[in-house]
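Start from chain A and add chain B according to the hints.
Number of protein chains: 2
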Amino acid sequence: MLRVNDNFSLIPQSYLFSEIAKRVSDFQRANPEARIIRMGIGDVSRPLCPAAVEALHRAADHQADPATFHGYGPEQGYEFLRNAIARSDYHDRGIDITPDEIFISDGAKSDLGNIGDLFSTDCRVAVTDPVYPVYVDTNAMAGRAGRPDSASGSWDRIIYLPSTAENDFVPALPLQRPDIIYLCYPNNPTGTVLTRPQLAQWVEYALANSALILFDSAYESYITTPGIPHSIYEIEGARRCAIEFRSFSKTAGFTGMRLGYTVVPRELTGLTSDGTQVSIHQMWLRRQTTKFNGASYVVQRAAEALFTPEGKRQVAETIRYYMANASLLRQKLTEAGLKVYGGIDAPYLWVKTPDGYSSWEFFDILLSKYHIVVTPGAGFGPAGEGYVRLTAFSSAEATAAAASRLAEAKY
Amino acid sequence: MLRVNDNFSLIPQSYLFSEIAKRVSDFQRANPEARIIRMGIGDVSRPLCPAAVEALHRAADHQADPATFHGYGPEQGYEFLRNAIARSDYHDRGIDITPDEIFISDGAKSDLGNIGDLFSTDCRVAVTDPVYPVYVDTNAMAGRAGRPDSASGSWDRIIYLPSTAENDFVPALPLQRPDIIYLCYPNNPTGTVLTRPQLAQWVEYALANSALILFDSAYESYITTPGIPHSIYEIEGARRCAIEFRSFSKTAGFTGMRLGYTVVPRELTGLTSDGTQVSIHQMWLRRQTTKFNGASYVVQRAAEALFTPEGKRQVAETIRYYMANASLLRQKLTEAGLKVYGGIDAPYLWVKTPDGYSSWEFFDILLSKYHIVVTPGAGFGPAGEGYVRLTAFSSAEATAAAASRLAEAKY
Numbered sequence: 003m004l005r006v007n008d009n010f011s012l013i014p015q016s017y018l019f020s021e022i023a024k025r026v027s028d029f030q031r032a033n034p035e036a037r038i039i040r041m042g043i044g045d046v047s048r049p050l051c052p053a054a055v056e057a058l059h060r061a062a063d064h065q066a067d068p069a070t071f072h073g074y075g076p077e078q079g080y081e082f083l084r085n086a087i088a089r090s091d092y093h094d095r096g097i098d099i100t101p102d103e104i105f106i107s108d109g110a111k112s113d114l115g116n117i118g119d120l121f122s123t124d125c126r127v128a129v130t131d132p133v134y135p136v137y138v139d140t141n142a143m144a145g146r147a148g149r150p151d152s153a154s155g156s157w158d159r160i161i162y163l164p165s166t167a168e169n170d171f172v173p174a175l176p177l178q179r180p181d182i183i184y185l186c187y188p189n190n191p192t193g194t195v196l197t198r199p200q201l202a203q204w205v206e207y208a209l210a211n212s213a214l215i216l217f218d219s220a221y222e223s224y225i226t227t228p229g230i231p232h233s234i235y236e237i238e239g240a241r242r243c244a245i246e247f248r249s250f251s252k253t254a255g256f257t258g259m260r261l262g263y264t265v266v267p268r269e270l271t272g273l274t275s276d277g278t279q280v281s282i283h284q285m286w287l288r289r290q291t292t293k294f295n296g297a298s299y300v301v302q303r304a305a306e307a308l309f310t311p312e313g314k315r316q317v318a319e320t321i322r323y324y325m326a327n328a329s330l331l332r333q334k335l336t337e338a339g340l341k342v343y344g345g346i347d348a349p350y351l352w353v354k355t356p357d358g359y360s361s362w363e364f365f366d367i368l369l370s371k372y373h374i375v376v377t378p379g380a381g382f383g384p385a386g387e388g389y390v391r392l393t394a395f396s397s398a399e400a401t402a403a404a405a406s407r408l409a410e411a412k413y
Numbered sequence: 003m004l005r006v007n008d009n010f011s012l013i014p015q016s017y018l019f020s021e022i023a024k025r026v027s028d029f030q031r032a033n034p035e036a037r038i039i040r041m042g043i044g045d046v047s048r049p050l051c052p053a054a055v056e057a058l059h060r061a062a063d064h065q066a067d068p069a070t071f072h073g074y075g076p077e078q079g080y081e082f083l084r085n086a087i088a089r090s091d092y093h094d095r096g097i098d099i100t101p102d103e104i105f106i107s108d109g110a111k112s113d114l115g116n117i118g119d120l121f122s123t124d125c126r127v128a129v130t131d132p133v134y135p136v137y138v139d140t141n142a143m144a145g146r147a148g149r150p151d152s153a154s155g156s157w158d159r160i161i162y163l164p165s166t167a168e169n170d171f172v173p174a175l176p177l178q179r180p181d182i183i184y185l186c187y188p189n190n191p192t193g194t195v196l197t198r199p200q201l202a203q204w205v206e207y208a209l210a211n212s213a214l215i216l217f218d219s220a221y222e223s224y225i226t227t228p229g230i231p232h233s234i235y236e237i238e239g240a241r242r243c244a245i246e247f248r249s250f251s252k253t254a255g256f257t258g259m260r261l262g263y264t265v266v267p268r269e270l271t272g273l274t275s276d277g278t279q280v281s282i283h284q285m286w287l288r289r290q291t292t293k294f295n296g297a298s299y300v301v302q303r304a305a306e307a308l309f310t311p312e313g314k315r316q317v318a319e320t321i322r323y324y325m326a327n328a329s330l331l332r333q334k335l336t337e338a339g340l341k342v343y344g345g346i347d348a349p350y351l352w353v354k355t356p357d358g359y360s361s362w363e364f365f366d367i368l369l370s371k372y373h374i375v376v377t378p379g380a381g382f383g384p385a386g387e388g389y390v391r392l393t394a395f396s397s398a399e400a401t402a403a404a405a406s407r408l409a410e411a412k413y
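Chains as they are written, first to last, in our numbering: chain A, 3 to 413; chain B, 3 to 413.
Just chain A, with the same shape it has in the complex (with noise of 0.2 Å):
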């Protein structure tokens, strides 16, 4: 008979969202009047700036025309594209990636899961804890994780960061040398950043330890302190041990158009087993040229637009309309007596429970009591007990709401 891969069967479901849908809808049932304000999910509310939906329009006109029409496109994403991220995002801030070391993609998430194809099964993984669970999963589906807890949720081949208030959400460096670690910065789900000293830190560890670093930079664009680095390629060295994920989900509310890039710079090298060093970069790019088609021509056409005058524009004015979501939240939440972090340099709020609550029983109370859906921190990983997530993707009304209704509160 067919045999499949075992690792799946190693995962347990994961029940956070559906659970906390259940919840939500249960208590909406019994209390049909109650108008719930839902600052859980990581999802946006803005709709895409009119730079984008122009180009969109535009784009949509070429492919009615056999003239303009465009089929196959490079697995790798359009010059076009790759040329004004090269630019704007790297080449205008100082920093040294070339367009070929750019890879388009349908998103950060398909990105971050498929990089695994490229690794040995035996290569340790390292994150921080809290976590967002892909980095996880999608390890375990691989069997680089090891079998998980089934008390704490954690895998016993992973190397757990933990990142919480007693160590300032800056985790130390590993005791056990891993293969790969994964950073996510600005942080999903704490909120908080490195500074530069801090992430050079992990560079340096990396160099010395030859580790890869997955660097997550999704929320890079929210970063509102100056000097605290957008790119890890800003720190000296990490065009020798990084790959860095981008997405246009949240800069640019694209997360259901779907579209992000990963660069891959030509000096990252790995060992086969037979000691051979190969190149990070083309094994890649023959993953995606095997395995992926090339992202939407029109969704590309759209992000091309965000690059332009109006488009940057229009794209700063969005987060800043989230961002003082963000802060009117910190603001309510800290005269309410509640201990918050994040929310400064990224669209998340990681909120410690009052009184020794689990993050569980916080949940319930901010539904039951203020009608308000947060997400538990234990979702995220064992150090997440404790604490709870709030994103600043709703509208400035629904936030504002919120917002008075958690100042009111009495926890």
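These aren't lab readings, by the way, just hints derived from the structure by calculation.
If you're wondering where the values come from, they're calculated on a predicted model, not measured in any experiment.
Misleading hints may appear alongside valid ones.
When chains are identical, the list treats them as one kind, so a pair holds in a single copy or across two.
As the list claims (entries may be wrong) - Using 25 Å as the maximum straight-line C-alpha spacing, the simulated DMTMM-like pairs for lysine to aspartate or glutamate come out as follows: (1) LYS314 <-> ASP67; (2) LYS24 <-> GLU81; (3) LYS341 <-> ASP63; (4) LYS314 <-> ASP131; (5) LYS24 <-> ASP102; (6) LYS314 <-> GLU206; (7) LYS24 <-> GLU77; (8) LYS314 <-> ASP63; (9) LYS341 <-> ASP158; (10) LYS341 <-> GLU168.
Leaving out everything else, chain B in the frame of chain A:
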């Protein structure tokens, strides 16, 4: 140091299309006045149909307005599209497939590559030969192909099933039992089909041998002969042994839009190493929710429009256009004394090279004497030697010009 997936190093660089491009550009440089006609690449030339373009414009407007904006969609695809597919492609043809068995993706190539995540690396794989190279290369990356033979280009753990004029392009059932069998009908590159009894034999074989058929029916809409199966699920028992891959690329010119779907019936099961029976449907759902974030909303809306009465009419018109090309090519090539296969139920013609020419020798003759670019059959596997592939996807004008050059040819 970072250990990579060794299997990537085993895969020879594919020089097929780069070698074609090199020979064409060398010839064009030496003969600047030659008007070269390209009949080699499988990309379409007709624009999107008006119904799809209008839907794309409407969807672009949805994305401009907070009231109709669509962010993250379901990873499995929107119900509006899954319902339309289940109704038009299955229910209305008397086939039992439900919308929740349909998974929308960014294209069949991605799914055909990613489906391998579900299976043990020990599985034995069978392919018909000649073959779409993606089936072989993706299994080679996962370690299922064994080692390549540098002379023949074939892999020692892949079971090759020759499909040639000698067996009327109906490959014999394997002598060794495979776990996974790739079938593509209408076939790329041969343009041939399987009759219902021939396909039923494969389903019977798979059921008797607990094998899984991966059925690629990307070209089903080109079938003109009544009674030829459009879906493997027309065959009794296929729900228990087959996954079907479909694409909007050739049906509706979506090669640059990126959309396809994969049907995974609920009955399909596999075994873990400890003998537990698991659902392949559940595994694929888990894979897609973890490593994929849904196809673009605007592209899904464009695809939905293909299922309206105008959409269906317009799609059928485009297919008739290409099939008129196929028919003309068949006629002129046959008149020129060549033996031609395919082109009746598929947009591909598979042409026997005359006088024992190798496929590359015949490629060179067609290029240098008649300024026509084809694809050498050897690029599709050992049994492709002695053939070339022509596509019907060019414009009617280019096809007519090529056909009249070919008709006058002396080989």
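Hints the structure violates: just list their numbers, smallest first. 3, 4, 6 and 9
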